Amino acid sequence: MFKKILVANRGEIALRVISTCREMGIETVAVYSDADVLAAHVLAADHAVRIGPPEPNLSYLNLDAIIEAAKATNAQAIHPGYGFLSENPEFASRCEDEGIIFIGPSSRVIHEMGDKITARKIMVRAGVPVTPGLTTAITDPAALLKEAETLGYPVLIKATAGGGGKGIRRVDSPSDLVEAGQAASREALGAFGNGDIYIEKFFTRARHIEFQVLADNFGNTLHLFERECSVQRRHQKIIEETPSTCLTPDLRQEMGKAAVAAAKAADYTNAGTVEFLVDEDNNFYFLEMNTRLQVEHPVTEMTTGIDLVRQQLLIAAGNPLEYSQEEIIPRGHSIECRIYAEDPEKAFFPCPGRIEFMEEPTGPGIRNDCGVYSGAEVPVEYDPILSKLVVHAESRNLAIAKMVKALKEYVILGVRTPTDFLMDLLRSDPFVQGEAFTNFIDQHFSDWQPGNTGDAMARLAFIADELSPPKAATVQADANNTVATPFQTLGNWQL
Amino acid sequence: MFKKILVANRGEIALRVISTCREMGIETVAVYSDADVLAAHVLAADHAVRIGPPEPNLSYLNLDAIIEAAKATNAQAIHPGYGFLSENPEFASRCEDEGIIFIGPSSRVIHEMGDKITARKIMVRAGVPVTPGLTTAITDPAALLKEAETLGYPVLIKATAGGGGKGIRRVDSPSDLVEAGQAASREALGAFGNGDIYIEKFFTRARHIEFQVLADNFGNTLHLFERECSVQRRHQKIIEETPSTCLTPDLRQEMGKAAVAAAKAADYTNAGTVEFLVDEDNNFYFLEMNTRLQVEHPVTEMTTGIDLVRQQLLIAAGNPLEYSQEEIIPRGHSIECRIYAEDPEKAFFPCPGRIEFMEEPTGPGIRNDCGVYSGAEVPVEYDPILSKLVVHAESRNLAIAKMVKALKEYVILGVRTPTDFLMDLLRSDPFVQGEAFTNFIDQHFSDWQPGNTGDAMARLAFIADELSPPKAATVQADANNTVATPFQTLGNWQL
Amino acid sequence: MEYNLTINDRTDTVHVDITGDNSFEAAVDQDEFEVSFARISDHKIAIQVNGQTFNAHVTRTDGAKVIMIDGRTFTVRDADLAEQTKTSGGKGMATAETEVTPPMPAVVILLAVAPGDRVEQGDPVVTVSAMKMETTLTAPYAGVVTSVNVAEGDKVMPGQILVDIEDQP
Amino acid sequence: MEYNLTINDRTDTVHVDITGDNSFEAAVDQDEFEVSFARISDHKIAIQVNGQTFNAHVTRTDGAKVIMIDGRTFTVRDADLAEQTKTSGGKGMATAETEVTPPMPAVVILLAVAPGDRVEQGDPVVTVSAMKMETTLTAPYAGVVTSVNVAEGDKVMPGQILVDIEDQP
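If you read the sequences in order, they're chains A, B, C and D. For my numbering, count along the first sequence from 1 and bump the result up by 10. For my numbering, count along the second sequence from 1 and bump the result up by 10. For my numbering, count along the third sequence from 1 and bump the result up by 195. For my numbering, count along the fourth sequence from 1 and bump the result up by 195.
These are calculated hints, taken from the structure and not from any lab test. In this text, all values refer to a predicted model and were calculated from it rather than measured experimentally. Treat the hints with caution; some may be incorrect.
[As the list claims (entries may be wrong)] In silico DSSO-like pairs for lysine-lysine, Cα to Cα no more than 27 Å straight-line:
1) B:LYS267 x B:LYS211
2) B:LYS14 x A:LYS418
3) B:LYS13 x A:LYS418
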């Protein structure tokens with residue numbers, strides 16, 4: 011096993027990787043930009059190396075700086091996390107050239123799967139169904155309009171590179187197509203360093219279902235069942251769960267086999283995800299393969315009991331898979347909510363700033379993969395994800411109840427988070443009934459505003475805060491004082 | 011299901027019960043003594059009722075006050091937690107009389123199992139093997155001496171009532187017997203309101219293994235496999251785990267059947283625990299039945315995936331068990347460490363005081379059932395347990411590694427905790443090899459002192475703290491400042 | 196004592212009688228509340244209202260307290276103070292809707308206008324990006340651009356006027 | 196600058212050169228350390244020593260800092276300050292071993308002696324209980340009990356002398 015690895019990422023995913031490394035006795039090297047000098051991942055790692063100024067292109071996307079940091083610290087391998095360089099074939103290739111193990115598939119596989127069109131061709135060859143759409147990248151507005159006409163609106167413009175909801179635009183009419191194409195291309199260029207886009211059919215009422223796969227270097231490939239990721243806004247997932255409410259056991263088995271076939275066709279190694287769209291008639295289509303650990307990997311860990319980061323490290327270090335397909339038996343139900351620094355009352359606009367205070371929910375079956383702390387700065391330059399709140403319970407209804415409880419107990423002051431919005435969403439009838447399609451938020455929560463049921467309590471809390479200024483010594487129960495405290499003698503505690 | 015229940019306890023177990031109630035939509039009533047006005051369980055419940063002064067006899071053991079609190083708040087049921095009134099048959103009986111549901115077995119069963127001698131008789135009748143020892147309570151010193159002579163030293167003096175390591179004394183020679191008997195009796199009287207003691211054979215090199223059982227009101231009884239609780243000091247468990255390293259599949263099955271037979275023989279309902287001693291030749295003996303939720307119930311929850319408090323509530327509300335024995339399939343390995351306010355460098359003497367600061371470990375597979383918060387007082391009057399740190403991983407070795415990591419990250423300032431001792435214990439050869447008998451601590455850790463490997467770092471931290479007084483504004487990375495901060499330009503961060 | 200407290204657009208008057216160091220009685224219209232409270236930390240207050248316990252987490256921002264209770268966030272303003280600020284010439288809440296300013300800290304990535312340009316209401320003026328999300332700010336009314344105060348790549352803050360437009364319907 | 200810092204019974208001299216607002220060089224015997232640090236909160240400091248990062252949590256008690264690093268607790272005293280306290284007549288560390296005082300806050304549950312009683316070293320004198328655990332305090336030396344300063348049921352604190360014994364070997 012590795013003695014030391016570098017984690018080429020920041021935030022919660024860097025901490026997630028460091029966490030497993032600590033358990034495995036692997037030393038970790040964090041990298042940081044000038045915006046992240048005291049970021050949580052820097053404080054958690056054994057070593058920390060500055061890689062540049064805040065701009066992602068000059069730091070977390072800076073291949074040279076990261077390779078140099080790995081060499082300077084004698085890191086044997088690099089874990090790329092998700093986003094940033096995780097699906098950059100050049101980076102994987104540089105690692106290969108420098109004798110540093112890239113914890114992920116080979117650069118060739120990343121390149122082929124990262125080029126969505128090549129990926130589609132490979133899948134067609136392997137007999138895996140794909141969504142209707144283009145098989146080439148497109149730059150000419152006229153050609154774009156023609157293809158959209160052929161597919162029929164709505165269509166989806168997608169970056170051939172990348173993921174995470176960046177560089178994607180849904181277009182409903184020809185008049186918006188060209189501008190949307192330019193915006194998507196610009197966003198993709200900024201996020202992935204590649205502005206190529208293509209177009210595919212958009213399914214209005216579809217499910218987004220993905221299968222986790224693991225493949226070692228000896229030809230063994232497994233799937234770890236599905237994740238349902240249909241609840242999205244701006245093409246970005248915000249709630250993920252497993253198992254999906256819409257898969258029958260037969261369909262699950264069929265899709266699991268397709269996922270393994272896809273991974274094998276791609277020559278895949280390490281952890282990856284095969285994304286499918288499932289339409290209303292339960293037809294499924296290969297969307298793309300994500301050649302990295304997913305944001306939502308924890309729900310799979312909770313139900314299968316398998317630490318995916320540990321599996322990534324074992325595979326990268328040349329170990330064969332420890333399981334057979336039959337030994338992977340999911341249990342219970344798991345839900346993940348992404349906690350972003352964003353304002354649900356202002357169209358989810360991101361909220362950078364300082365976390366003035368944070369209290370994480372705890373309790374049986376609750377896990378919070380968190381990348382910030384009380385007092386930490388949330389920089390304007392990076393993705394607004396603060397943490398991923400994950401629950402596991404015996405059934406879906408119990409998991410929903412547990413997540414609502416956990417959201418209630420999650421305190422973040424200083425930046426706005428959508429815990430209230432998420433609670434309303436989780437308790438809504440269509441979500442409870444498992445009727446969440448990719449258009450769920452537009453359909454049911456497009457103009458969500460918080461209710462006013464708690465307003466009276468908030469006003470009373472305002473007054474209580476005025477009456478007990480916080481800088482004064484805090485009120486404490488005195489263990490050696492058997493005389494009742496004012497708080498209690500004043501008689502407002504019950505009885 | 012109940013609309014509202016009262017939790018007749020404090021600390022982490024009260025919070026544990028409240029947590030499940032919140033998920034089930036059940037309102038909770040906390041009770042508190044004057045030492046607990048701002049205790050964590052009071053802040054977590056929906057309602058809070060004062061029941062008396064700090065002395066346990068006048069508050070948490072005060073039947074009348076608690077019954078009155080339940081009636082005043084219209085609580086339909088009472089969860090007793092562990093300790094205090096949880097195994098007091100009078101209390102259960104009072105509940106029955108008042109039409110309040112006691113969440114536990116009937117008062118008759120509590121009475122019979124609480125009287126260890128009656129319990130032993132019932133088990134003998136049911137064909138469950140019991141430890142050699144007395145079948146009557148004893149008050150006469152001469153009779154005590156005679157019985158000890160018959161059994162052969164060492165012997166164990168035990169309170170016929172109670173549990174939790176209270177009222178127990180190991181005696182190695184006749185000269186210590188009478189004084190030990192008096193001390194045990196006094197301690198039992200203080201803890202349980204009953205000073206009766208009896209005597210049984212003490213096994214020097216034995217394992218303490220218990221089986222969790224669940225029984226509904228319709229005659230269905232299940233076991234949820236074992237917990238290994240051999241690592242004890244002063245007859246109090248400090249580390250528990252499941253599965254046990256010493257049970258073969260056959261022995262596990264045999265003991266599971268014996269546990270179910272014991273519960274059925276006792277007419278048991280709700281959640282309970284059948285405790286066994288297993289000697290070096292793998293003979294097992296019924297020790298006692300604990301007619302309540304155990305401190306160490308979380309390890310069973312982690313491996314079986316079943317919320318035991320939820321099962322208690324369902325059973326008490328008259329629901330049949332949701333599972334068959336075959337559906338209970340444990341997975342992975344779970345370990346619990348009890349985090350007490352105590353000083354491992356001073357013979358584990360308890361440390362009451364104020365928690366000046368606390369940071370709980372988090373991460374995949376880590377659960378901390380905690381009863382305190384930063385700023386909370388730990389009163390001198392009650393049990394010194396602060397929290398129970400629990401981990402779950404795929405194997406025992408991975409669970410040990412995860413627990414060590416979690417202990418490293420657990421910060422409690424203000425009262426001393428044994429996190430350092432526990433780390434050394436978990437990493438010791440005999441523990442790693444699964445060779446932990448009930449004499450483990452006496453044998454391997456009787457004169458434990460912390461090593462001095464970290465001393466140099468601690469001295470440097472002292473100096474850093476001197477050089478950056480905490481009252482000054484805290485140093486923060488400025489997200490809007492692309493100029494490097496002093497912390498980083500000074501060149502001591504690597505590279 | 197009387198507090199006029201605003202949440203979103205609604206201001207309620209709360210009549211308060213202090214009954215002790217850590218308790219008061221409050222009335223809002225017909226509703227009456229017996230309140231006792233205890234400060235647990237700088238940011239946390241335990242509150243009991245008519246026998247029901249809850250915890251409020253509080254932070255203070257400019258002119259308001261942001262309060263979290265059971266996962267819900269409330270921005271509560273003292274309407275009397277807000278009134279003073281407004282009448283003394285401070286920037287009110289409504290200014291944002293008539294000025295080209297980002298809703299959050301952001302970076303300018305595209306300038307769509309130059310001084311002298313004629314714009315109609317709703318025309319794109321500046322595109323900013325925060326945390327990798329792009330937002331296009333539009334002209335709040337028809338007019339002529341008199342000055343552009345930022346360049347592409349600049350970091351900008353809410354309240355900062357990025358483009359001045361002279362009202363010419 | 197020089198610090199004489201004691202952990203348990205060992206005092207080491209640390210030579211310190213301040214190299215910046217948040218950094219210093221330290222030497223102990225042959226060992227040299229390049230240290231940079233950043234205060235994260237009142238109780239937390241991030242420290243980098245010779246390229247290795249760790250976090251220290253610190254609280255101050257009477258005459259010492261209690262420091263937690265990676266789950267280990269260190270009580271670090273400034274030996275120079277301790278010296279001053281001792282010479283100025285304050286209670287040193289060793290007093291506990293010659294006085295009948297509880298190690299922790301506790302409640303007296305049994306008095307085994309009365310004024311005038313003769314005790315030998317090691318004889319039980321008082322039993323106290325803290326958090327449900329009983330501890331018997333014994334006579335630190337042979338002598339005669341001159342006064343009993345507490346009653347059963349009293350709450351007592353470390354340093355408080357429960358029983359006075361006149362040294363009569």
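To see whether the hints hold, each was checked on the structure:
For a cut-off of 27 Å, the pair hint linking LYS267 (chain B) to LYS211 (chain B) stands: about 25 Å separates their Cα positions. The hinted pair formed by LYS14 (chain B) and LYS418 (chain A) meets the criterion: a straight-line CA distance of about 19 Å does not exceed 27 Å. Simply put, LYS13 (chain B) and LYS418 (chain A) have alpha-carbon atoms about 20 Å apart, close enough for the 27 Å limit, and the pair holds.
Comparing the model with each numbered hint stated earlier shows that all of them hold.
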